[in-house]
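J.: What follows is the residue order along each chain.
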Amino acid sequence: MAVLMEVNNLVTRFYTQEGTVYAVNDISYQLQEGETLGVVGESGSGKSVHSLSIMGLIPSPPGKVENGEVIFRGRDLLQLPPEQMRLVRGAEIAMIFQDPMTSLNPVLTIGSQITEALKLHMGMNNNQANERAAELLSLVGIPDAASRLNNYPHQFSGGMRQRVMIAMGLSCNPKLLIADEPTTALDVTIQAQIIDLVKRLREEFDMAIIWISHDLGVVAGIADRIIVMYAGTIVESGVVEEVFDDTRHPYTLGLLQSLPRMDRSSQRLVSIEGSPPDMRNPIAGCPFVDRCPVRIDRCVTETPVLEAVPEGHQDHMMACWVDVRELDIVAASEGAKQT
Amino acid sequence: MSAVADQPLARNAADADADGRVLVRVRNLKKHFPITSGIVIQRQVGAVKAVDGISFDIYEGETLGLVGESGCGKSTTGRTVLQLYEPTAGSVQLREDGELRELTEMKGEDLRRMRRRMQMIFQDPYASLNPRMSVGRIVSEPLRIHKTMERNEQEGYVEHLLERVGLNPYFVNRYPHEFSGGQRQRIGIARALALEPGFIVADEPISALDVSIQAQVVNLLEDLQEELNLTYLFIAHDLSMVRHICDRVAVMYLGKIVELAPADQLYENPLHPYTQALLSAVPVPDPMREKRAQRIILTGDVPSPSNPPEGCNFNTRCPVRFGLCYDAPDPGLIEASPGHFVACHRVG
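Quick mapping for you: the protein sequence lines, in order, are chains A and B.
Residues in the first sequence are numbered consecutively from 186, following the numbering used here.
Residues in the second sequence are numbered consecutively from 3, following the numbering used here.
These are computed hints drawn from the structure, not numbers from a lab.
Careful, some of the hints might be misleading.
[Said to hold, decoys possible] Stretches of chain B that chain A covers, calculated by requiring three or more beta carbons in the stretch to come under 8 Å of a beta carbon on chain A:
| # | stretch |
| --- | --- |
| 1 | 261 to 271 |
| 2 | 288 to 298 |
[As the list claims (entries may be wrong)] Lysine-lysine pairs mimicking BS3-like chemistry, simulated, CA-CA at most 30 Å apart:
| # | chain 1 | residue 1 | chain 2 | residue 2 |
| --- | --- | --- | --- | --- |
| 3 | A | Lys-304 | A | Lys-384 |
| 4 | A | Lys-360 | A | Lys-304 |
| 5 | B | Lys-109 | B | Lys-32 |
| 6 | B | Lys-109 | A | Lys-360 |
| 7 | A | Lys-360 | A | Lys-249 |
| 8 | A | Lys-384 | B | Lys-293 |
Beta carbons are placed, not taken as given, at the ideal position from N, Cα and C, and that holds for glycine.
Using the sequences provided together with the hints, build the complete structure.
T.: Below is the structure:
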């Protein structure tokens, strides 16, 4: 497999009246062709801002990509002039958003919204574009597609709208699809339908996917590799089985332990104390230090770097000074609560 | 729901009633919202059958989970049980001084007195706290409304409540915007506890919170239940969390309960095809299990509750439907095994 995209030292900040928000702090990773990369993190962890930075969609002001490069098929997207970036967006990289209710235009028909990209990027005329749009709609499982092209978004249910968004995303055969919490607003049975659909389509279209989610369960099912983000940094990354079964970062471990499992009955949940840090303060030391049950003195002063884990899979990386395998983290988090 | 459908529930209930364990009894509860047409002269042209004939008991000290997808009527059920909505039909009883008392016929001072025994925790901690009121005023508001406590005692009591939900009592003079989502939810919980209720309806209390904060709030709810002997109706769509926190679980679909069973039994051995599909759709944070997972993918969407299908209302999406599901009336709840109720023509 060849590298499709390389993100190097990406830094994004927002300059607001209440101060500078350090949203993405120096993240780097590689994405292979045809690979599905899961990006997990809580709200404010920078997972969405990082994807908007890649797409050149950070509103400026107040936001600014301060540093870094995004090498996509040999070009640095961050250096492309706007008119060239517009040719990449929608054609080579497509994006679908969380809320299908607000990301479709309510006063335009579904057909005109799908054909827009086809006419713009693929140079199709009206008839060709309509034909292709109908094809795409039936591909994403909307029955009676040709006649539904004339419908408006309010005539579709939430799950159907997300299917329309996916059809729009796929319309120009992108190499990369960025899905930002695409199933969060949907019910669980509809979520299962959409995940099933995306799994089928990624093979048909041979595209890479960046799947952003806060739901570790969803990511476990769809991703090949995952990145765990916290406070705008990558704290752990690797092949999905490695990260879930040989977890090395205390934050990832805490998240997994705080989740009840539907496939077994559970005792008291082990929670992560405290709340995520205020992103208006620049990171000094480890961003997780205040909540970490196994912190050492070094964590306060030195920011850990993302490195290969000791004695692990070669692709498995983490940013932590402590080797959690040597510690009983459950006992540690119970102890931390008592003090 | 037919009288026949209530029989097994009634028999089971009679046993429980004998030892006075039932705290809340709901029978045949309906809540229909009218759809009107016309500007000056409004005519009713239909009804959204949000809750359409449901029956269940909640035992003292237990947590009953109410799960289902959006629009299935679970929140409406919670609010109707608390008499925040006036029910269209049916009965809701709450135990007071050892006796089950009918709430739907109560008015005025009687009903207000009963309200002290039942409180609510809301889903959205950003919308359910008045931004212009200090934390102290928010938490003490129920005390002022119900006049259960002298003003000079209130301050100390509020501080005690804040401490109990894990907040610094020093926060009384702060305003909601100064708090994070998890802390706001704790304020909402403190307010619900102010009148020392026995019964609390928690309507999706953690779904607006971040994953790492959810466990904190759930642990708090469990601790409070143990300390104060609280009974919860826990409304949620997160099926993993429901299994963790609930003793028994009721699954709703389109205004009706399709299955009701002890939590472990429901998750190990779901009988209704909707419950089976719902459970199989939940992703588990375990890649190996996810790769093997056999999902039952339901086709289509939930029908509109203003125009539910004839016969069994799941017959538009059910993978195992047959003739009876269209021809026979809606299947009532039957007791498939002790304490395990299911409404399906395929079972029994």
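J.: Among the hints numbered above, which are violated by the structure, and what are their numbers in rising order?
T.: Structure breaks hint 6 only.
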